[in-house]
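Asker: In case you want the letters, here they are:
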Amino acid sequence: MEQLLGVTDGTLPNTVFCLLSPDGKTKLTRPTRGPSIFRTPENMAVQMKRLASRYKPAVPNSFVAPVPLVDRVDLAMNVAASDNRPLVVFYHPSSADLKMLVESSRPIVWDAELAGQFMYAATSSKEDLKAMVNASGDAGVYIVEPDEYGVSGKIVRHVEWDEVADSLNRELLRALVKFEPFQKNHQQHIRDGYVFGIEWETIVPESDPMSVQAKRRFKSRFNGMD
Amino acid sequence: MRFGMCLLPLLTLLVGMPPVDAEENPAVRIVWHANLEKGLALAKQTNRPVFLVSGAPACLGVPGIW
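Protein chains in written order, with this note's numbering: chain A, 1274 to 1499; chain B, 13 to 78.
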């Protein structure tokens, strides 16, 4: 991504916003920390539509995109908690059957009422279900409400793998109606995270000295560590 | 500020995204593709431009918040 955005290795900012051409090679906007370059949401919509109109869609309207899976269940749980959304986990011990399960769910996931409302992950490892309280281990689709920190989740519904076509749409809509997002206070969330020892280690170790120092400062302020 | 963290690329393709209406329940939301390679491959396949946002699902090492 550093190459893509034209920044020096190791200097990618924590948040980056950019519009790119369909081949991902040409920047259509200058990379920035956020979309504030557009000034207003209305202008952003106008500019995005203008840029999109340059490219003719290469697929028919009937095209259904793949299920937007997050790479790992634990990461998906964290992302779902960060976005304050419920999580859907596809599980089947057979990789081939898991693939079929996910593929058969495509049209449901992209249903207009459901698109964008859930995070998705898929796994064939029963071990990955451990963070989901009382997971039966049965193959199928688990609809999960993550805890505030996204380290565990409560299963609110389970759809058996052979009932997906008949029931998944209905069960997702029901789960959505019942879902109540957390009211999070940023400062309080971080303070409580340190108090209760809930931390997230990134795959790539944090290297920026300013960020590392800030983390240390926050920790010592909230729980006297360091 | 620079971060050497594992950033999660969030992409969406510019295809008919309806505007968010705060009055709607549930609100209309963006569908994010949380894998850079897969998102870029889909953009190429569909010839749709890419809306790229990166972020870490943790603030100061605490998960559950951007």
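There may be inaccurate statements among the hints.
[Claimed, not checked] Covered by chain B, according to a simulated footprint, are these stretches of chain A (three or more residues, beta-carbon under 8 Å):
#, segment
1, 1338-1349
2, 1363-1373
3, 1385-1397
4, 1460-1473
Everything labelled a hint here was simulated from the structure, so no lab data went into it.
By construction, the Cβ of each residue, glycine as well, lies at the ideal position given by its N, Cα and C atoms.
Asker: Which of the numbered hints are not met once you compare them with the structure shown?
Answerer: 2
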